[in-house]
Amino acid sequence: DAKTTQPNSMESNEEEPVHLPCNHSTISGTDYIHWYRQLPSQGPEYVIHGLTSNVNNRMASLAIAEDRKSSTLILHRATLRDAAVYYCILRDHQAGTYKYIFGTGTRLKVLA
Amino acid sequence: EAGVAQSPRYKIIEKRQSVAFWCNPISGHATLYWYQQILGQGPKLLIQFQNNGVVDDSQLPKDRFSAERLKGVDSTLKIQPAKLEDSAVYLCASSLEVVNTEAFFGQGTRLTVV
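Order-wise, the sequence lines are chains A and B.
Quick note: the first sequence, position 39, residue 39 per our numbering, numbers continuous.
Going from the second sequence to our numbering is simple: count from 1 and add 112.
You may find that some hints are simply not true.
[Claimed, not checked] Interface residues of chain A toward chain B, partial, derived using beta-carbon atoms under 8 Å: (1) TYR46; (2) LYS99; (3) ILE101.
Hints in this document: simulated from the structure, not taken from any laboratory.
Where is the CB? At the ideal position from N, CA and C, for every residue including glycine.
For reference, chain A alone in the conformation it holds in the complex (with noise of 0.2 Å):
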């Protein structure tokens, strides 16, 4: 399975934009790039993913480097909700598995 390296912790300023960085230099071609994150005693919840192309959606950015050798989250205004462990996954769509493999992730405090 291929890994993920995400910082341990990143803090932001409310209504800033944050920028969540994920390395996964070992990515393969077929393995797409997710994000989820998990709120205080709740479950993960998908945040979003790509293949290559940046990609856009209601909550966030994703900002895929050239060579696919790393990744960036964006949160275009940080809200005290944003505040939450997000998780850089690679799932590869031609495993039979298509298992997400979780890390430790990155802990984001948003200060008021």
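Please build the complex by placing chain B on the supplied structure of chain A, with the hints as guidance.
For chain B alone, coordinates are given in the frame of chain A:
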């Protein structure tokens, strides 16, 4: 749309006792996952079902853990006998199909083994 339902929310048992967790996935979701999340760590996949068949159980401690998904809908995860190190949150998730992009997680069952 109703989410993934899990019960109980909390369970405290003594070591060497047995315990079972129940999961009702979102209607129509063929893929079901059980994860174990120890405090301070990311979720660890225990077992993955596709309909009622096991796709991956490589991380399931089969000497004490068992799981089943009868009729491809609800699922139960059992621990017998429990050890102190089994204290964790057990998360169930489901997705429409294996290659679908989004998995939906339940709130989990917090197990404390004393």
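Which of the stated hints cannot be reconciled with the structure, identified by number in ascending sequence? When the structure is compared with the hints, none of them turns out to be violated.
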